[in-house]
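Trainee: Below are the chains, spelled out letter by letter.
2 protein chains.
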Amino acid sequence: MKKTINIAVVGLGQIGVYLYNEINNKKKEIEKKTGKKIKIVAISAKNKDKKRKYKIDKKIFYINPLNIFKEKKVDILIEAIGLSDGISKKIIEQALKNKIHVITPNKALISKHGDKLGRLAEKNKVNLEFEASVAGGIPIIRTIKEGLATNKITKVYGILNGTCNYIMTEMEKTKDTFKNVLKKAQNLGYAEPSNPKLDLNGYDALSKIKILSSLAFNKKISGSKCLMEGIENIDYSDIKIANQLNYRIKLLGITEIINNKIFERVHPCLVRKDSYIGNVNGVMNAVILNGFPIGESVLQGEGAGPGPTSSALMSDLLSILRGNIKYPFGISQYKRGKPKIFNKNLSSNSLYFRLEVKDKPGVLSSITKLFANYKISIERLIQIPNDKKKTASIVIITHNANEANSLNCLSILKKKKDIIKKPVLIRLFN
Amino acid sequence: MKKTINIAVVGLGQIGVYLYNEINNKKKEIEKKTGKKIKIVAISAKNKDKKRKYKIDKKIFYINPLNIFKEKKVDILIEAIGLSDGISKKIIEQALKNKIHVITPNKALISKHGDKLGRLAEKNKVNLEFEASVAGGIPIIRTIKEGLATNKITKVYGILNGTCNYIMTEMEKTKDTFKNVLKKAQNLGYAEPSNPKLDLNGYDALSKIKILSSLAFNKKISGSKCLMEGIENIDYSDIKIANQLNYRIKLLGITEIINNKIFERVHPCLVRKDSYIGNVNGVMNAVILNGFPIGESVLQGEGAGPGPTSSALMSDLLSILRGNIKYPFGISQYKRGKPKIFNKNLSSNSLYFRLEVKDKPGVLSSITKLFANYKISIERLIQIPNDKKKTASIVIITHNANEANSLNCLSILKKKKDIIKKPVLIRLFN
Chain A
1 MKKTINIAVV
11 GLGQIGVYLY
21 NEINNKKKEI
31 EKKTGKKIKI
41 VAISAKNKDK
51 KRKYKIDKKI
61 FYINPLNIFK
71 EKKVDILIEA
81 IGLSDGISKK
91 IIEQALKNKI
101 HVITPNKALI
111 SKHGDKLGRL
121 AEKNKVNLEF
131 EASVAGGIPI
141 IRTIKEGLAT
151 NKITKVYGIL
161 NGTCNYIMTE
171 MEKTKDTFKN
181 VLKKAQNLGY
191 AEPSNPKLDL
201 NGYDALSKIK
211 ILSSLAFNKK
221 ISGSKCLMEG
231 IENIDYSDIK
241 IANQLNYRIK
251 LLGITEIINN
261 KIFERVHPCL
271 VRKDSYIGNV
281 NGVMNAVILN
291 GFPIGESVLQ
301 GEGAGPGPTS
311 SALMSDLLSI
321 LRGNIKYPFG
331 ISQYKRGKPK
341 IFNKNLSSNS
351 LYFRLEVKDK
361 PGVLSSITKL
371 FANYKISIER
381 LIQIPNDKKK
391 TASIVIITHN
401 ANEANSLNCL
411 SILKKKKDII
421 KKPVLIRLFN
Chain B
1 MKKTINIAVV
11 GLGQIGVYLY
21 NEINNKKKEI
31 EKKTGKKIKI
41 VAISAKNKDK
51 KRKYKIDKKI
61 FYINPLNIFK
71 EKKVDILIEA
81 IGLSDGISKK
91 IIEQALKNKI
101 HVITPNKALI
111 SKHGDKLGRL
121 AEKNKVNLEF
131 EASVAGGIPI
141 IRTIKEGLAT
151 NKITKVYGIL
161 NGTCNYIMTE
171 MEKTKDTFKN
181 VLKKAQNLGY
191 AEPSNPKLDL
201 NGYDALSKIK
211 ILSSLAFNKK
221 ISGSKCLMEG
231 IENIDYSDIK
241 IANQLNYRIK
251 LLGITEIINN
261 KIFERVHPCL
271 VRKDSYIGNV
281 NGVMNAVILN
291 GFPIGESVLQ
301 GEGAGPGPTS
311 SALMSDLLSI
321 LRGNIKYPFG
331 ISQYKRGKPK
341 IFNKNLSSNS
351 LYFRLEVKDK
361 PGVLSSITKL
371 FANYKISIER
381 LIQIPNDKKK
391 TASIVIITHN
401 ANEANSLNCL
411 SILKKKKDII
421 KKPVLIRLFN
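Residue numbers (this note's numbering), protein chains in the order written: chain A, 1 to 430; chain B, 1 to 430.
One chain only, chain A, in its complex shape (with noise of 0.2 Å):
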């Protein structure tokens, strides 16, 4: 008789009981492709009687997780609760302790802890699979441990958040505002209802590079602060000139090795239009990796909602039952050495600069004489006049300057008294 491997699902939102219906929709389909059976012996959410999309079992709910344990014989911990601490961790290390596999596509979490989880894992022996955490419909962490392994990856980039690509794109395409366009992403589910900052701040995007960043590069996970920069302040007027100059612009996470240290970033960027990451568009998600043999390596996909979330889960599941017990991060985490940083004052972009200002002479050659006193040297420059209001919109293309000395250069324009709105700052995508 073959033996029955026991499932616990604790979170039953959106994703959690999407997948706790394919589960048992797929039931004999995993029997074949792995030759074992399933069985959800558990459940775990706050409310019992919630509405939802699927029927639940209640005569397997817990309203707290930790007691599943002390009650059922688990197997395997599928976590789908969220957050980086509180329940969510608890339950990963009771379960961890307990030789329970772990699954989770939680990637404040993962980033946060990982390491430490990651190590809790390896020595009970037992699995902790996150390749939901980052693009779920790119099955880019398996890539990099398994199909690219022995690969010298230098470089890995891409979009990575649904959310933010899906409101650049419909601002593009519709004309309208920041806060309108997030309102329809809202309603279409594509943003979180209450509190969406976490994506629009580039904090999600960051999780995920900083996740891939370890893999990649075989290190522990960088605690650094990094430079993040979300979308909130991207107006339209910045998308309609980067359009006519023949870019668009989109929220980019990017690490590479830079002088053997590891540089970590999240920013709006500015890419060209017939650039391949220019037309990955909606709530598409993207990844491109460089390496050695390798070359470049693009993969794209759905990166967000139920449905490719649970196809990298159900990946998960499936590579636990088909008895894979494997390193969460690819190596021992013995192996995995701390992380150098690259100093982000010392790298250096394009920008783009747009400055609304008094229409009156002398602003211009302030302007000039101050990026000059910085060392950014302009590459292009453009003065779009307002009549009407007497006032000018000063657009400036930059050759590659120094981080620091631009954003140094940035808050003195921001005092200055002839710039009548806070300027912008765009890097252009290298």
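No copy is singled out in the list; a pair is fine if it fits within one copy or between any two copies.
SDA-like mimics (lysine to any residue), calculated; alpha carbons at most 25 Å apart, straight line:
{"#": "1", "residue 1": "Lys125", "residue 2": "Arg322"}
{"#": "2", "residue 1": "Lys48", "residue 2": "Ile87"}
{"#": "3", "residue 1": "Lys37", "residue 2": "Glu71"}
{"#": "4", "residue 1": "Lys197", "residue 2": "Leu407"}
{"#": "5", "residue 1": "Lys155", "residue 2": "Gly282"}
{"#": "6", "residue 1": "Lys28", "residue 2": "Lys220"}
{"#": "7", "residue 1": "Lys36", "residue 2": "Lys220"}
{"#": "8", "residue 1": "Lys97", "residue 2": "Arg322"}
{"#": "9", "residue 1": "Lys155", "residue 2": "Asn279"}
{"#": "10", "residue 1": "Lys27", "residue 2": "Gly305"}
{"#": "11", "residue 1": "Lys273", "residue 2": "Asn246"}
{"#": "12", "residue 1": "Lys173", "residue 2": "Gly295"}
{"#": "13", "residue 1": "Lys36", "residue 2": "Gln333"}
{"#": "14", "residue 1": "Lys36", "residue 2": "Asn124"}
{"#": "15", "residue 1": "Lys225", "residue 2": "Asn400"}
{"#": "16", "residue 1": "Lys36", "residue 2": "Lys338"}
{"#": "17", "residue 1": "Lys375", "residue 2": "Leu410"}
It is worth saying that the hints were derived from the structure and are not from the lab.
Given the coordinates of chain A, assemble chain B onto it according to the supplied hints.
Mentor: Coordinates of chain B only, in the frame set by chain A:
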């Protein structure tokens, strides 16, 4: 003390010798990632003293690879000889029977004998790995078997032959003839110098489609003839006209489920210039999957050459060293049913025709009448006169037309005495 894993590499052409060098260079990294020490204990090729890119250890050299297993204890065989039959098939069979894991990039062999060899591997509880057989730089086989394991895949298509894609791209760019561009591709090492036929006639791409098809749909490899056309007859004038109509010509491999049957095909396609696939140029490969719940997933990377191929072979090696004994095709050989094959005569496509005709009254009307007879409805007709020669080119884009009717119509067109060159038919990508 750790056990040492013994490896034999047979075939030391461009791929084999590159891999031999990679394995020797990456021993330490492999030990770090898998905890296993590895050693190449035997190599084999036709010619011991041939000049090679990397130095080989002649003390472990065998002229006849079939002698290796008699003298050496081998755990993993890497076959890089090529061809679907003969010595490559013999040694793989011998290895599997001796419970030796096998890694091969040989798509001709896998697409022909994969089912039988897979059964042999399963029976002997060893791995048969062939990630490198399809699109080296893209871990597509692992992605289907593991990353997308529980998705219901409905269609897989893409650019699977770098040689053909290079030629098509280069013809468009340089406006040169097929013959000249082929010569250039051969000089650059992108096409076989002696016999490039299997790349150009679509056979190579079809082997890959057969492998992808069996993995995506969990069926045995189809032995059917399918629809296979190559790029040998593409003329620059077709590329030019396609271009004016906003299309590019690409050799696509496509497999999909239609009415629960599998439809596999390889042929040149007119694809829209602004589509993703229309912008995969040069020697690049790309694979696009449609599945549920994943949606559309895109993977792009370098398709051929020793670097990407070796990256794929190394991922197979690591998978074996990590101790993942797996079904070669994702599920047990005994559960892979025979595929039901869609009758290609029932398929339909929009079509592009180019006819070189004598420029005289009545020709056009007789052609359009013929199309009407075969129930092919014309969407667009362009007549380009060539006054000097008193001839004209007639370009026709049709609505969706039945395949059998289209081919019958074409065979009549071929016989028409007013059509002075072999008529051209290229399918549009729907």
